[in-house]
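A.B. asks: In case you want the letters, here they are:
There are 2 protein chains.
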Amino acid sequence: MMDVPLNAWLLFSHAPTHFGDVEIVTRFESGDVHRTTYEAFAGRAQQLMHALDHLGLDEQAPVATLAWNSYRHLELYFAVPCTKRVLHTLNLRLSADDLAYIIGHAKDRAIFVDSDLVPLLEKVGELPTVDHIVVLGDTVPDTSLPNVVAYEDLIADAPTSYPRTDIDERTPLGLCYTSGTTGRPKGAVYTHRSTVLHSFAVTSAAGFGLGPQDCVLPIVPMFHANAWGVPHAATAVGAKQVFAAGSLDPAAIVDLLATERVTVASGVPTIWLTVADELSAQQRKLPDLRHIVSGGSQPPRALIERYGREFGIPVAQAWGMTETSPLASVSWPKNHMVDWDDERLVDVVRSQAGLPLPGVELCIRDDNGVEVAWDGKTMGDLYVRGPWVVDTYLHGDGAECFSEDGWFRTGDIAVGSPDGYFVIADRTKDLIKSGGEWISSVEMEAAIMAMGDVAEAAVIAVPDEKWQERPLACVVPRTGASVSLDTVRSHLEQHGFAKWQLPDRIELIDAVPKTGVGKFDKKVLRARFS
Amino acid sequence: MMDVPLNAWLLFSHAPTHFGDVEIVTRFESGDVHRTTYEAFAGRAQQLMHALDHLGLDEQAPVATLAWNSYRHLELYFAVPCTKRVLHTLNLRLSADDLAYIIGHAKDRAIFVDSDLVPLLEKVGELPTVDHIVVLGDTVPDTSLPNVVAYEDLIADAPTSYPRTDIDERTPLGLCYTSGTTGRPKGAVYTHRSTVLHSFAVTSAAGFGLGPQDCVLPIVPMFHANAWGVPHAATAVGAKQVFAAGSLDPAAIVDLLATERVTVASGVPTIWLTVADELSAQQRKLPDLRHIVSGGSQPPRALIERYGREFGIPVAQAWGMTETSPLASVSWPKNHMVDWDDERLVDVVRSQAGLPLPGVELCIRDDNGVEVAWDGKTMGDLYVRGPWVVDTYLHGDGAECFSEDGWFRTGDIAVGSPDGYFVIADRTKDLIKSGGEWISSVEMEAAIMAMGDVAEAAVIAVPDEKWQERPLACVVPRTGASVSLDTVRSHLEQHGFAKWQLPDRIELIDAVPKTGVGKFDKKVLRARFS
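Top line first, the protein sequences correspond to chains X and W.
Residue 1 is where the first sequence starts when you use my numbering, and the numbers rise one by one after that.
Residue 1 is where the second sequence starts when you use my numbering, and the numbers rise one by one after that.
A few of these clues could be false.
Any copy will do: because identical chains look the same in the list, a pair fits if it lies in one copy or spans two.
As a list, the in silico EDC-like pairs of lysine to aspartate or glutamate whose alpha-carbon atoms are at most 20 Å apart [said to hold, decoys possible]:
#  : residue 1 : residue 2
1  : 523       : 310
2  : 107       : 255
3  : 107       : 32
4  : 514       : 58
5  : 285       : 3
6  : 429       : 29
7  : 433       : 98
8  : 433       : 32
9  : 377       : 255
10 : 514       : 405
11 : 499       : 465
12 : 107       : 343
13 : 519       : 367
14 : 433       : 126
15 : 123       : 59
16 : 523       : 510
17 : 429       : 521
18 : 514       : 152
19 : 377       : 493
20 : 514       : 419
21 : 499       : 381
22 : 285       : 504
23 : 514       : 464
These are calculated hints, taken from the structure and not from any lab test.
The structure presented is a predicted model; accordingly, all values stated were derived computationally and were not measured.
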């Protein structure tokens with residue numbers, strides 16, 4: 001067989017000839033909408049390749065972006081790796097401190113930054129490794145930053161065609177730091193090979209099922225695990241792409257979903273909660289939307305049910321991590337479940353984190369490293385292995401995350417079902433270890449959030465002399481509603497929790513603190529209450 | 001990223017844990033239906049792995065099958081490569097002579113044969129390279145063949161679990177000979193890597209879109225380019241698989257499609273023609289069938305239209321060759337075509353051989369090797385390149401098929417459209433070269449077959465002193481209908497053919513001769529009429 005390397009050119013090369021007429025749409029926070037085509041995109045991305053050469057950036061130089069989702073960010077997604085440089089997507093929700101650490105740790109040589117994020121970059125302070133700053137627009141705003149040029153000036157005069165090379169597939173293509181809820185952020189390095197294989201998996205019907213027929217809206221930042229691989233995959237198959245640049249306002253999302261006739265959209269549960277309320281309020285239907293993908297954390301059961309019942313839209317849960325590129329599993333029903341009613345489907349399929357994609361292998365092990373039964377009950381540590389799973393972090397960080405037999409220790413606690421699906425019961429560090437038994441904080445949170453009076457809830461472990469740890473429920477009541485320890489305990493008892501599992505203490509709070517990527521930040525709660 | 005090799009184990013490993021409850025159904029020619037599950041399949045395949053070791057077959061030994069589609073054939077699909085041996089699927093439509101040549105050329109060490117094909121194998125004569133013959137069943141029929149055992153006896157006592165090894169992805173996995181319409185058959189060698197990548201492409205929404213939700217019926221033999229990759233891909237994603245063992249009777253196919261609630265089926269146009277007639281006759285609906293894939297040759301436009309209009313089933317054309325694993329392209333509509341009416345979709349999309357899959361690159365070149373325009377008119381030689389395209393044949397045969405710059409010369413004449421699709425205008429050797437201009441025999445055949453009085457038609461070139469070559473129409477009239485040169489010429493003229501392109505001669509025949517894989521065998525017609 002031909003020794004064709006799996007590299008970014010393989011994903012990029014169809015754009016001009018085969019998908020030249022397909023649209024790429026960007027909606028800016030102002031409401032302005034920019035429309036282009038794959039043909040124009042391919043030309044501009046190749047102009048950018050020349051411009052990167054012109055900047056004198058070495059092979060394998062890290063080129064950072066500090067940017068929202070947009071067509072220009074997509075150009076960078078291909079131009080940087082197609083010239084053998086490494087795209088480093090910076091998380092714009094991080095503190096200036098963390099950004100300074102990451103930029104220095106990665107040794108970024110250039111930063112491409114959105115105009116409105118220039119003030120954030122200014123706050124980062126000295127950037128000793130960085131030679132070039134490029135503002136993603138026509139003009140450069142007033143800034144104290146040195147060596148700043150405008151993106152459009154940078155690429156303006158370059159040719160729209162760039163000579164393709166057969167980049168070796170093990171060459172690094174991208175870099176993304178974990179959000180770092182424990183310790184300093186660590187860098188996950190994606191290769192050309194891992195990205196191509198991951199892209200194939202995203203287009204698989206076992207993945208997101210992306211094809212030329214689709215219009216996809218990743219409501220996931222391009223700085224967070226490559227927007228779950230959607231921009232690479234969509235470009236490879238010529239799906240129409242829609243980007244929402246800037247902060248995510250549910251009304252704008254609903255408007256984009258409807259007017260662009262999006263067929264597949266991906267986002268975290270928090271987004272889908274706000275979108276559901278907006279859809280209800282507007283009484284809007286989305287007949288083109290085939291399914292939505294929910295990932296990043298376990299969505300509440302009520303949310304999954306609501307999309308099915310109220311909007312007729314199936315929710316596919318996806319699971320993965322920055323370290324798994326990120327897509328590792330999606331919860332599709334199997335063929336023999338075709339006639340099952342919604343409740344049974346939610347029980348067995350949609351409430352689960354999925355079936356692993358072809359190529360990805362999962363195992364669930366006990367504390368002694370022995371695989372546990374897939375019986376729907378037994379919790380264990382989730383390990384993952386596959387050609388798009390990291391086997392090290394940048395500069396050798398985090399060696400403790402890799403097992404001796406070649407698996408990645410996810411830090412998640414999972415339960416496998418007899419049907420072959422699995423669910424994340426908790427993060428290892430959030431699990432409540434009470435009297436030798438384990439209590440899943442995630443499961444308890446989901447149950448509490450199913451209460452009508454509850455807006456949000458997080459359950460944390462607090463130290464206990466007798467039991468080692470006990471659960472504490474931090475609850476955000478809905479406006480005007482009242483929630484007490486007794487109502488929470490009796491609700492949980494009615495929903496299958498054993499007496500010894502029930503929380504002994506409740507704290508009413510205004511909001512659950514969130515991390516830079518919108519996940520519950522329990523370390524803040526632990527610091528406050530334990 | 002983890003250096004996980006792309007090998008058959010990666011496709012096989014999910015079967016027991018994640019898809020154990022999914023069915024694999026085989027319908028035999030007798031009408032008997034055999035049902036099993038992925039769990040049982042995984043156990044039996046691993047028993048077979050032990051049995052292959054027990055037979056003393058070396059690493060990389062070619063292990064042949066002479067068999068219909070069935071669950072046992074599927075077991076061989078995985079057991080042979082998972083033990084580093086090479087699965088050689090023999091085409092049971094070939095002559096005993098060709099089979100003798102191929103078995104000797106490949107140096108097959110063992111042959112697994114269906115009971116009813118034992119007489120064919122007896123006709124092949126001496127099998128000097130073959131040490132073992134295994135009959136796929138419980139018992140061995142009376143035979144003159146030596147060293148014959150029954151499959152069920154062979155595997156009966158072996159353990160159902162086999163130790164997995166990390167097979168290098170460049171290791172050969174399979175072997176399939178081209179049908180050989182020119183010269184001796186040539187062997188295409190598939191590797192573990194090429195097969196895994198091809199399987200991902202088959203599951204892609206840009207390919208067949210196979211996922212866990214699906215039930216797939218490949219009405220394509222497992223001895224012909226791995227049934228277009230469906231068994232590998234379906235196993236990787238846990239789709240329910242349905243096999244029709246033995247000759248293909250349209251009533252049996254329709255019955256299987258309906259009773260097993262098939263969602264995706266693949267076959268050649270001839271099959272879809274007979275299935276359409278059967279569906280009409282039975283007035284049967286197939287509400288579960290999402291789409292059918294038609295490949296192997298250009299389907300008549302009327303057939304594509306009929307499936308849409310009469311049955312509401314979209315036809316996706318696929319194009320590929322034994323040398324391309326085989327799937328290289330599928331003709332899906334793009335997102336902006338969602339509201340197009342059927343006629344326009346057939347014009348622009350469904351009448352085309354497709355958009356190339358991610359990973360596959362196509363180019364169309366003139367006689368001087370220069371790329372021609374994708375203008376919907378200009379014909380040229382089709383070249384293909386990709387990680388699942390051969391770069392040589394077994395033992396170095398057919399070196400003339402590979403260009404110096406690393407592309408495979410398909411032997412097809414293609415026309416690219418401005419929309420990025422392409423269509424096969426002809427085989428290079430079937431093209432009619434008249435007075436310096438090219439006439440596509442395929443296009444003319446399709447037009448003639450659209451006539452109500454015509455059942456089948458093949459157009460061949462006959463030598464001509466003045467024009468070099470001229471078209472001759474070989475026409476099979478429908479029962480009771482009459483067709484003449486004049487009616488054919490006037491029909492073609494009405495349908496856009498120029499005067500100089502019209503055939504000067506017609507031959508009425510009883511049937512168009514077919515090759516072992518059901519394609520028009522024009523060399524027989526050329527021998528008869530030129």
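A.B. asks: None of the hints should be skipped; say for each whether it holds.
C.D. replies: Quick rundown of the hints versus the structure:
{"no.": "1", "hint": "523 x 310", "in the structure": "neither (35 Å within a copy, 62 Å between copies)"}
{"no.": "2", "hint": "107 x 255", "in the structure": "neither (40 Å within a copy, 64 Å between copies)"}
{"no.": "3", "hint": "107 x 32", "in the structure": "neither (35 Å within a copy, 67 Å between copies)"}
{"no.": "4", "hint": "514 x 58", "in the structure": "neither (38 Å within a copy, 59 Å between copies)"}
{"no.": "5", "hint": "285 x 3", "in the structure": "neither (48 Å within a copy, 45 Å between copies)"}
{"no.": "6", "hint": "429 x 29", "in the structure": "neither (37 Å within a copy, 58 Å between copies)"}
{"no.": "7", "hint": "433 x 98", "in the structure": "neither (31 Å within a copy, 69 Å between copies)"}
{"no.": "8", "hint": "433 x 32", "in the structure": "neither (51 Å within a copy, 55 Å between copies)"}
{"no.": "9", "hint": "377 x 255", "in the structure": "neither (42 Å within a copy, 41 Å between copies)"}
{"no.": "10", "hint": "514 x 405", "in the structure": "neither (35 Å within a copy, 54 Å between copies)"}
{"no.": "11", "hint": "499 x 465", "in the structure": "within (19 Å within a copy, 98 Å between copies)"}
{"no.": "12", "hint": "107 x 343", "in the structure": "neither (51 Å within a copy, 56 Å between copies)"}
{"no.": "13", "hint": "519 x 367", "in the structure": "neither (26 Å within a copy, 60 Å between copies)"}
{"no.": "14", "hint": "433 x 126", "in the structure": "neither (44 Å within a copy, 71 Å between copies)"}
{"no.": "15", "hint": "123 x 59", "in the structure": "neither (29 Å within a copy, 62 Å between copies)"}
{"no.": "16", "hint": "523 x 510", "in the structure": "within (16 Å within a copy, 81 Å between copies)"}
{"no.": "17", "hint": "429 x 521", "in the structure": "within (12 Å within a copy, 68 Å between copies)"}
{"no.": "18", "hint": "514 x 152", "in the structure": "neither (36 Å within a copy, 59 Å between copies)"}
{"no.": "19", "hint": "377 x 493", "in the structure": "within (18 Å within a copy, 72 Å between copies)"}
{"no.": "20", "hint": "514 x 419", "in the structure": "neither (33 Å within a copy, 46 Å between copies)"}
{"no.": "21", "hint": "499 x 381", "in the structure": "neither (25 Å within a copy, 75 Å between copies)"}
{"no.": "22", "hint": "285 x 504", "in the structure": "neither (43 Å within a copy, 60 Å between copies)"}
{"no.": "23", "hint": "514 x 464", "in the structure": "neither (26 Å within a copy, 80 Å between copies)"}
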